Structures are given as structure tokens and as C-alpha cells.
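Trainee: Input sequences plus hints: build the corresponding full structure.
Residue numbers (the numbering used here), protein chains in the order written: chain C, 1 to 364; chain B, 1 to 364; chain V, 1 to 364; chain R, 1 to 364.
Think of the hints as simulated: they come from the structure by calculation, not from any bench. Errors might be hidden in some of the hints.
Identical copies go unnamed one by one, so any copy, or any two together, can satisfy a pair.
What the hints assert, rightly or not - DSS-like, lysine-lysine: derived pairs with alpha carbons at most 27 Å apart:
#, residue 1, residue 2
1, Lys318, Lys142
2, Lys46, Lys318
3, Lys150, Lys95
4, Lys276, Lys95
5, Lys318, Lys276
All figures in this text were calculated on a predicted structure; none of them were measured in a lab.
There are 4 protein chains.
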Amino acid sequence: MSFGFGRDFRATLFGESHGKAVGAVVEGCPAGLQLTEGDIQQELDKRRPGQVLTTGRRERDLVRLLSGAVNGRTDGGPITMLVANEDVDSSWYEKHRYIPRPGHADYTAFIKYRGFNDYRGGGFFSGRLTAGIVMGGAIAKKILSTQGIKILTHVVQIGGIKVGTQIKDEQVEEFAYSSPVRCADKGKSGLMVAELERLAAEHDSTGGVIECRVLNLPVGIGEPIFDSMESLISHGIFSIPAVKAIEFGSGFRLSGMRGSGANDEFCVKEGKILTKTNNSGGILGGLTNGMPLVFRVGIKPTSSIGRPQQSVDLRTMKEAELRVEGRHDPCIAVRAVPVVEGMTSICITDLMVRAQMIPRTIGD
Amino acid sequence: MSFGFGRDFRATLFGESHGKAVGAVVEGCPAGLQLTEGDIQQELDKRRPGQVLTTGRRERDLVRLLSGAVNGRTDGGPITMLVANEDVDSSWYEKHRYIPRPGHADYTAFIKYRGFNDYRGGGFFSGRLTAGIVMGGAIAKKILSTQGIKILTHVVQIGGIKVGTQIKDEQVEEFAYSSPVRCADKGKSGLMVAELERLAAEHDSTGGVIECRVLNLPVGIGEPIFDSMESLISHGIFSIPAVKAIEFGSGFRLSGMRGSGANDEFCVKEGKILTKTNNSGGILGGLTNGMPLVFRVGIKPTSSIGRPQQSVDLRTMKEAELRVEGRHDPCIAVRAVPVVEGMTSICITDLMVRAQMIPRTIGD
Amino acid sequence: MSFGFGRDFRATLFGESHGKAVGAVVEGCPAGLQLTEGDIQQELDKRRPGQVLTTGRRERDLVRLLSGAVNGRTDGGPITMLVANEDVDSSWYEKHRYIPRPGHADYTAFIKYRGFNDYRGGGFFSGRLTAGIVMGGAIAKKILSTQGIKILTHVVQIGGIKVGTQIKDEQVEEFAYSSPVRCADKGKSGLMVAELERLAAEHDSTGGVIECRVLNLPVGIGEPIFDSMESLISHGIFSIPAVKAIEFGSGFRLSGMRGSGANDEFCVKEGKILTKTNNSGGILGGLTNGMPLVFRVGIKPTSSIGRPQQSVDLRTMKEAELRVEGRHDPCIAVRAVPVVEGMTSICITDLMVRAQMIPRTIGD
Amino acid sequence: MSFGFGRDFRATLFGESHGKAVGAVVEGCPAGLQLTEGDIQQELDKRRPGQVLTTGRRERDLVRLLSGAVNGRTDGGPITMLVANEDVDSSWYEKHRYIPRPGHADYTAFIKYRGFNDYRGGGFFSGRLTAGIVMGGAIAKKILSTQGIKILTHVVQIGGIKVGTQIKDEQVEEFAYSSPVRCADKGKSGLMVAELERLAAEHDSTGGVIECRVLNLPVGIGEPIFDSMESLISHGIFSIPAVKAIEFGSGFRLSGMRGSGANDEFCVKEGKILTKTNNSGGILGGLTNGMPLVFRVGIKPTSSIGRPQQSVDLRTMKEAELRVEGRHDPCIAVRAVPVVEGMTSICITDLMVRAQMIPRTIGD
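Mentor: Written out as C-alpha cells, the structure is:
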């Protein structure tokens, strides 16, 4: 079903933006993994609204772990995690129920569900559902860390401001989350903050690009043809609202290169087979090759803006002007960083389990 | 399993590059659809090797329809299609079995399968398996055509040569397959041919970009969150060898735009709700919005080149030089066009069936 | 994953017997269906513990509907339902953690999960998880009722007491749930109650047989070969703890019959094709044939009995005597009736959606 | 999709009774397993038609291995196996296309597919498709044998003749396939042969019961709740045409027993935990417990009989008499033995892979 993702490690999301709660059920976690609510909370806090320059909705997003763990360890059963919706005001949506917001799922969902979908705050199409991805990702990250695998994610572009040079892994690891815009380049981070303040003042928004790197993956992870590493990661990543593009390794740049320059030649270093370059982004034939897995995600500008936009009243089929109220994130790439990280963790864990690289029980 | 794709309409691929045959089993086709071997052959011919500037392997690729149709119509059961491998010479691969070709799956597959994988011509990692995608896609296209849906696909970039202006749908439909490089822009098509001839002479290769448009889709196709239209299409497209990037609508360009410019405002035309622009590529909230579905696929340069490259002998762990023999496509984007088209057709059909937009039986 | 069942209509269960809660997430319910907590509570009450001669655990089993409905109607998203565990005392299980109860999953789960499974009350192997089946089934029943489909379930055997004659549908519908042992034959119901009282006094238990009938099914429901009606129903039913046998129509009796007597001949009545007999239990070739779907489920005696039984201490590998404390159902077939009913409803709904007999939206 | 079964080890069937071929694609087989056409042929021969007292159709059923193996070993890809249909005469079916045979899928398939299904010999509803189960099972058996697991299957009842006493494992292994009716009890085997000759002379048929035992299974195989061992086996077994009942261990007899007699007490023998009795059929909580897994399958009488039966002409909706021509198996339980064995092997292999008890590569 479309609310769940993963085959051997699976997260099923539920909830609506203005309903009682959002959450996730995670199946396939090995038994014996140490897991507390704190482990999940720590990841959830990274996407919590109400931080610098993000949405005005004030949610504490406190997680409750309802099942799947006993005595501080997973028990092999489904792990259910719940976050209550606390700061909900649906009045604007009640008033504009039949006037779809441009750039949102309002119109397409209205047609698909003949109006029975939850129209308040986007219902289950809301970005709020990505809390479940972060919660599921928190568990996946814990599993991957038992294998030494690290996932580093940060913002490399906001609007016109791009990180020009390759940032070192250590720098990303250390600075990404201390930057208010999740950009590990301190200089660019400052410019991005200024840009977002300007946009907020103008009731406008912009997009961004997130880069993700996965380190220390074994060779051969991914399944041939339809469950290639790229296939699964892109499937998962495009499930995050506002994502419109993805590229692995040198991505679209490869289309203009020559084979003699694009092929990553093999070499041996300290007894290990590596490639001299990493244009492939760590993936050959859909399988990991032992180099860092690298991809970039293109995020569109926040659709909810305070400026008047043209829409249509679905009852009268007449055109109507709409101005989305409330304060919204001027760039959702910022809060999408832990979501991309969580989603990637889920994908990788799923493929690691499938490759029998994660045992059914962990711990002693 | 990873050799099959689709939930309600599913293609399972089988075969190896140098084995007896390649083929596909297609499940979920409505009963009653008119279907002959000719319908499938017509699509297969579009990717047949041995055409202008493509691989030297001479395959007639004649399809045999083994099951799933009776009296010229589908019977509701699995449709099995088979293409024999005829022009196979594995001697080069026997000789270089332990020296992986850069840019190929040789190394990663060797590790994953401890050397038991079929090393001849890439085994089931070979692009030859995409014949099954084209065969499955041929059926999907026939189903979609009963709903008036059209899929237009063509090459918009080869190496440094890019189609600058937006080509009209009619032009793509008419000229894509009459161009030897599948580019509907006649001027650029000529330049691309010249470029490929130059590369072939230099024993080098290049990449390209394919654009795909799906017309006449109903509103609301796609499933929320994890089976969004973008999720499924990207999942399928990244299963095609050499694909390294995908973007929907304005794609990566959106990351630099403002919300006020990126949002597609709604309007009413002849009683139908449309958007004034199509930056979203016809998808909102993962569901089709009635506008043309548009995406671009980035393809890396052909990995097999006649130039010497550095590799490693897996037995000795010593570095070794490798020169891939035989003539290879200087740009696989060209032959990937019908594959992208077939894969897209499979994705769309799957989501159309799921939305109950395709009946279980067709015909009268 | 093994905690979810169904393809187009899917229930995922979660929770543990002595954890915080048990519940279910249901995906694939059409949008627009009227649904309240009361609808679910009504079904849950049929399996609530603490009724006549059932387990001593006192649970109110009040359901909370956390997602999937807005304004009293389903919204097309996952429906999350939760029942808190209130009356939990794990002290006995703490004490006997390493001495598996005969007839329970204690031993097999201990080995599978290396002791990390929740050992209190059977963890997620507990019959308490079937509350989720009943909750999911409540939704399925509502969907099926929109198509006029009815599911009648009752007890036809407890220990040595069997319902001899065929009970009429109307009688089952009217009396099954008013009997304390869910037996629509009033005379036998009385004998069964007496038998259970006797067993309870002797600290022993017995098994039973449940019969299920599904009325008003359209012809052709079920999918060929592996998702036949019998395949899916048996798959679901064997997921209920203590079920050890199932037979459709005349079942095992058919093995001793002749073809000339077993074949159900076709006839026409009031313009409809029927069969004169119903040895097939309403299923031909795995598809419904328009006759009542009939099957019987064999349930083993309650494993938890107050008598001393021999077991093994898993730490010392020495044999050890065990006496399960607390009052337990002398025959779990009684409380399994609504579970069989719910499970069957889920199976039928799933196959009905797959046959496109249930629209994606319901209501006006 | 409903033509494939298994999650980690999966067989997809294709073909029609009177089409060009029947076959199977098997996914999930470990790479490196020694596999020849002879391995598969050996199993196929056990169900070949034209043996004593079985169907008059003369098929050699020679298997062709089309993909998935190289140099005598599996390569990790899909294994495609094909058997041509040679002795096909569809004239009777052409003549009686609109008069459904009682006890067959003719009527239900006609309604489901609005007449577009292949009506010749039952199309893909034919028992001939079970050749694919036997082929897939042949591979599964080879995998299981690497773990020391054995599957013993034989007929324990034909019509009124039942094997009364428990036959030893060694006897089943040695004699099942040397008996023309696959019954390891020599005395009963003779009586069964006589009974079938009598039935054949009377143009009638009968049913039977098959018993299956799986030896040497590790503890803990099976997945909690919905993929319990019983759930998966019954799902698979009910996919075999003519199966109408299944019971595990003491099965329906348990419904009349007391808990104190039905519970299998634990004991220790030679350092291993066993149960004193095996009423549970080797399964506790849906997981194997290390005892022999035992179940019995009830098969209905062959539906195709030479006697006149009443049916309905689907064009005129008038009742019509039908007499099925040709010689048919008087009891299909006989030829179903290798099918039950194959199906069981597939189920067990799937659950063994899922439990990570089968590595991704086999061999050295």
C-alpha cells in the first residue's frame, strides 16, 4: 500500500495534518536493538517546526513509543510511534475548502477522493506526515550505526546561493545541524539566512538543493534491475513533498561528459579496491561499489506564500484569488534535511536486510 | 522480487545477455485486449541493435508470444514473451572474467554473488534485459491508448549538443523515431549524428538527456505518499542501466526560483481546470493534475569504450589495463528512448489500474 | 511484512499483550465511508474478555480512532485504531520467563528472537492481537454491507458436542451472538455452556469448530492460482492463534465421495445460474460461484490450563513442571467467532477491491 | 500478482492448458546452486500424465531451462523453465465452449473475464499449470537439501480406503513413488489401485487425502501473525486445483480433545528440546518447533467424469446436459502428490530465506 515503504524494513505512515496525531509503524527491525523514546525524539527535534525562520505552527512533537520495545530493547514486533497534533487551527482551511492552493495537492486530491479527503492543512498530503519518516529513519539510523554506516546530509543551495566547493565529510558531520539552514559551509550559511529573511519579508519563498552522502557501505548492496540502489532511494525521496529532481554522483553533468572521463577507473589502495573518481556516486549496476554513495535532491519553493495567487473555486468553476495566511517556511529544503536523511536510512536498511547484512537479532 | 516491477500491472524480466534468451512475463493485463506478436515486434524494433551507429551485435530480436493470448486477444493470464539470443560471442568475456570493466556492474556483481553471476556480457545486468521492458511497455501502451493516453519521448541532449527550444508535441510524435538519434529537432539531430560519428572514430562515448511527455492523463492518478507518480516513475526509470538523474517539470531549476514564480496558478479554459504554467510537470502532491506529465532523464556515457582503462585483476588484486573490444553504441541515450517510453507506460498503466481507470476486461 | 495482511485492503497489527496498547492501521478503505468509533466498538465488544466463562483479564477495550476519518467519514488515508492495555499483571511471566508454556509460542519465539521477544503474556503472539483483526474487520464489514454482503459465523462444535443439523442462515444471524458460546442452536448452546463449566472446574479446556458463511457474493471474486478465495481465506484464518484446520464446502468428506455425487450440477432459477448442491462451498476454480461461501475452522483446546504440565527450563535445559495461573477461557473458539468473522471480512473486501467491485470513493 | 507465490523465494507460473507451453519463472534462488535440466525433469516426471490410470493426454513434458544458470550453477537471476504443450486437441472445448463443466472453473471464469478467458481445457485454471509448481519445487527441494531438510509426501486415503496406521518416515521415503497411487502402505496401495480401476470402468471418480511431512526443520521458521507456517502452507496448497481442506498435526481431531491431552509437553532428549507428542504438527505460534511438520490435504473427486451431468448453456440460459469426453484421472490425488511436495518446498524455502537460514550464495 502506498502509505508504507520498504520490503524487509518497512515504515507505514499514518495521520493527518489537522487530525489527532501523526505517526509510523515500523516493521522488520531486528530484535534486541537498544531503543528509547529519546533516540527517536533526538531525530524528530531536527525537523520540529518553530525553529529559526520556519513555520509558525508551534508543535512540541513529543514522541510516544507504543509498541515494539520491551525493557529498552526492540522485541522483533512492529514499532509504533505517535506524535500528537497540538497546535491546530483549521479555520482558514474551512473557509477556503473549495479553493485549491497553487502548488499543493488540494486540487488533485479533491478530484481523486471526490472531496472526501481531509482538506485541513493538506490532510495526509501534508509535509507533517514526514515526521513519520524521521521517526522510522531514527530506527534505521540506529541499525545502520551498528554496521558503521553514516549518513551525512546538508543544504548545498538555497535560491541563488550555492555551495561552490566540495565540503569535507567531517565538516558536514560537525556543522550541518548547527547551521540554522543546515548548510555546513559557514559563509554560505550566513548568506542563506539573510536571503530567507528577505524572502520572508517579501511574503515569498524559494527552493533549494540537499546533498546526501552515505559512508562505509559494503560492496554489493542493492538488488538487480528494479530494486537498484538508485531506484529505491529515488522512490523514497520523491515521496517527500516538494522534491522535483534527484541525481546520483555527477548526475546531469554526466550527460555532457565523455566516457573516457566519466568512467571511474579501478585502483587498489591498502588492499581495497576503490575507484579513482566517483562520478557514479558509489553505485555501479545499481549496487554499491564501496565508494561514498552521493546524491543531490532538488526541492521546489514553498508553495504556501502570503502573496495573492490565482486559483479556481471548485464549486462554481470560477477563477478566484487566494492568499495563504499564516507564517510558512520560506524554504522547506531546510526542514527537509532530516527527512531526506531518514528516508535514505530506511532505504539503505531495507536493502541491507535484504542482502542479509543485518541479522534478525542484534545485541547480546 | 527485484526482477519484477508493478503492483497491479507487473512485468517480470528474465534472461542473460549471453544466455539462451531474454524475455518478460506480464501480469495484470485486462482480458480482451487485441494483441499480436506484431504489436510487440513494432516496439522492439525501435531498440533493435545494429541500427545507425549502435552496437555491432546483430540481433533480429524476433518476439515469440508464449502465453496470455487466445484468438488474438489477451485472456487475463500472464503474457510471456521471449526473444532468443542469436549473435553471441562470449570469448572476450571468458578471457577478461576477473578484470571488471570500469562503469559496469562487473565488480559489484562479482562481490555480491561471489563470482557465480553470469559474467558474459554483464549477465542479467546487461542493457539487453531492457528488451523485456520494451515488450512489457508495448502491452502497456496498447492499454493506455484505449484511454487516449499518449507517450512522447525523444532525445534533447547528446554530449554538448542540446535542443534549446521547446519542441511541439506534434513534432516529437512525428519525427522522434525517424531521426537516427531519436531527436525531433532536425537541425540538432544532424549535429548529434556528426558528434557520434566523431566519438566512434575516437573510440570514445558520451551521455545524453531524454525527455518524456505523457498526454491526456486524467486528474488524480498516483497514490499518496510512497506511490506518488514521481516515486513510481523514478523507481522504474532508474532501473534502466546508465540512468543517473531525473527531474520533473522545471526540476533542478525550481531550486533557484521563487514560489511566486514557481507555483502554477489555476485557471479555467473551456470548462476545464488547467494551470497557466507547468513547472510542476503535471504532478501535484504526487498526483496528476491534468497537464502534460513531463520529465527528463540524464544518461551517462556508454561505459564500454575502446580506449585502454585502468582496472584490477580480482584474483591477484593487482592493477590491470583493460580495453573493451567490439563496436559499442557511442551514446546509449539513443537506444534508451523506447526503453524510457516502455518503462513509463508500465508505470502509468500500473497506477491507472490501481485508480480503477482501466477495467478488468476490455473489448466487446 | 508479516504483521500486515491484504493487498488492496490491508490491516497491519501492532502491540503486545502486556505492552501499552494493541491496534491496527487499515489501508485501502474507500474515502467517504461513514465511520465512527461506535462502529468499531460494536464489533470489539463481541470479543471483549471478561464475559461469561472467558478470561479473567478485565479489559474495557475502548477503541480510539486516531486517523483516517474526518467529519464522520473516511478520508482515503490509513485508519489507525488503538486499544489501551489496562488490566496488565506481568508478575507470573517474569517468574516463568524461561519455562515455556506447552502449546504456546513461548519456546519457538525464544529461539527465533534469542530471548529478545516480549515474553509477557506471549507478547505479539498473544491472542490479544486479534483485537486488531476485529477492528479492521469492522471496517471491512461496513464496506461489504454497502454491497449487500453478509457474514454469518457461529460455533458448531465444542469438545464432543456438535451441532448435528444445518442451521438456517436467519437463525445464525439472529442467535449466534445472543448465545454465550456463540452457538445458534439453542439446545446445543445449553449443553456447551454446561460442558465449559465442567471443564473450568477441572482446570482443563477443549477445542471447537466455527462455521462461517458469506452470503450475496457476486460471481467471479478471487484471483486465479495463488490468490484463490480458499488461498486467501485460509491464509488469513490460520493467522488466528489456535486454528489448526480448515475445510471449504463438504471439505474432508469430499475425499470419500464420488465425482458423480460431489460435482455441483448447474441449474437456472429465476433467471440466475445456481448449483443444485453446494459441496464446493461456493467456490469453483478459486472464484466465487454465487452460492453461499461456506467453510469450517478447527480450533485446538486452550493451551493455558491450570493443571501441572511438563516443560523445560531454557537456562538449565532441565525439565521443569509448570502450572499456568489465572483463569483462562476453557474454549477459545467462543471468543474466536468475531475474529474469524473479521478476518473473513478483510479477505473478502481485499478480493472485492481487486475485482474492482468496490469503488475508490463511497457516499454522496 | 496472483500468478506468483513467495516473497523471498518466488515462483511465477504462466501458460494455458491448450496454449503453446506452460512454465515458471523462479526468483530468489541463491547463486551458485548446482542445477541442470535433469534435476527439474526428475521431479516433473513424477506428475507426468499418461502413467497408470491417469489422464489419456500424452505429454512428454520435457523441460527447457531458459535462464538463471550458467556453467551448471544458478547465477542469482530469475530461473525460467518451459514445457511445451504437445498433445493438444481442443475440438471438444470449441464445441462446448458455452456449457460449463460442473466442478470446474468454466462458469466462474466466464463471468469474471466476460468470456475472454481461454476456454480450452480450462486455460490457466487447468491443473496443467501445476507443472510450474513442480518445476519451482524442484529448485526449492535442492536448496532445502543443502540444509538437510526432507519432504515426504504420500497418499493416505482414496475414496473409502484409508491408511489406518502411522507409516514410518523411511517407508514413505522408499515406497511412495514406487506405488502407482503414491501410497506407501503396500496393502492399501493394492486396494486403491483396484478401486480406481472400478471407478474408471464406471466413468466415475473419487477424492483422496495426501499427507505431507517435513523433517529436520530448524526451530523458529515462520513469521509472526500473518506469515505463520500454517498460513503460508495453506495459502500455497489451496492454490492447487481440487484441494478443499487442510489440517495440521491432529487437525480437526483437536476440536474434540481436552487441553490436557492436546498440549504437547516439552522434554529434553540428547540435549535437544522436543515434545513428547506432536499434536501441533511441529508448529507452535506459527513457528516450527523442531518436531516433524505434518499436515494432511483433502482433495475432491476429479470433476471431469464420463457420465452425463446437468449444466446450463450460457448463451441461452437454458439447462443442458454435458458428458465430458476423453479419459481422465479417476483420482487426482495421485498426481497431486509431487505438486503438494513442490508447493510445500516453495513455502518452506521462502520462509527459510526470510529467516536468513539460506545464504544468498551457495557453493564454493
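Trainee: Does each hint fit the structure? Answer for all of them.
Mentor: Checked hints:
For the identical chains of this complex, lysine 318 and lysine 142 are neighbours neither inside a copy (52 Å) nor across copies (37 Å), given an alpha-carbon limit of 27 Å. Within a single copy, lysine 46 and lysine 318 get their C-alpha atoms no closer than 42 Å, and across copies no closer than 46 Å, so neither meets the 27 Å cut-off. Taking the shortest alpha-carbon separations for lysine 150 and lysine 95, neither the intra-copy value of 46 Å nor the inter-copy value of 38 Å comes in at or below 27 Å. Only between protomers do lysine 276 and lysine 95 lie at most 27 Å apart by alpha-carbon distance; the minimum there is 24 Å, versus 59 Å within a single protomer.
Within a single copy, lysine 318 and lysine 276 get their C-alpha atoms only as close as 60 Å, which misses the 27 Å cut-off; across copies the closest is 15 Å, which meets it.
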